[in-house]
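> One-letter residues, chain by chain:
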Amino acid sequence: MSEIPLVTENVLDTGVIRSSIQTDESGAVIVFEGVVRNHHEGHSVVRLEYEAYVEMAATQISHVRDEILSFFGEREVYEVMIQHRVGTLDIGDTSLIVAVSAAHRADAFEAALRAVDRVKETVPVWKKEWSLDGAEWQEGIKPKP
Amino acid sequence: MEISVQLFAGLREVMESDLLTVELDQDLVSVASLREALETQYPKLKPYLSGVAIAVNEEYILSDESELSDGDSVALVPPIAGGSQ
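Protein chains in written order, with our numbering: chain R, 1143 to 1287; chain S, 202 to 286.
Bound conformation, chain R alone (with noise of 0.2 Å):
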């Protein structure tokens, strides 16, 4: 499973993720995909540029991972894997998945929310939107280690 990094400029592909979580344990599978949108705050986008600190990133990526599998550990989760793309993505790329795999559908959700939730707290990413009018950097949140 080492061999997927977790930040990447290629495609993200689904299947690959899907598959590394797979046990014959799980009853329930979560792929969550974050996805590049038109819009923001009411104004157009017309791509997203992301911009990561690669190390760190993929170092607190592996953290989210671990402190998840830790915190539903005896709620019968399986699995987590996580990876974030950066560079430059169109309307309807893949920029973040999350997949998770658990013995049971609610605690998979649950498991799979709290995962996306802690990497935009913690990784360090950033993104350029692209508007009509010109680029600017989206407003982010301070860290939340």
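The hints are simulated quantities; they were obtained by calculation from the structure and are not laboratory data. Watch out, some of these pointers could steer you wrong.
As the list claims (entries may be wrong) - Quick look at which bits of chain R chain S covers, simulated, 3 or more residues with Cβ under 8 Å:
id	stretch
1	1187 to 1198
2	1264 to 1272
3	1276 to 1284
Ideal placement from N, C-alpha and C gives every residue a C-beta, glycine not left out.
Based on the hints, put chain S in the right spot on chain R.
Below, chain S alone, put in the same frame as chain R:
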């Protein structure tokens, strides 16, 4: 002691550089004194520093009392915006 500090995204554009060098007199340097030195040596950074997290060796530093060592990899992490909304 001399510390190199990596910059990203908007901060990199403001400073027109992805790496700043900070000179410090002391041998033992806390994150708080690094912040002060950054503010003094790079006044353009001042308006941004309060919203910036400091990372050392790819981990967020939770206490400004933490001390830096030679060879540490230091970065300023401006407000983050990963994933999608």
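> Confirm or reject each hint.
To see whether the hints hold, each was checked on the structure:
1. 1187 to 1198: holds (count 6)
2. 1264 to 1272: holds (count 7)
3. 1276 to 1284: holds (count 6)
Taken one by one, the earlier hints all hold for this structure without exception.
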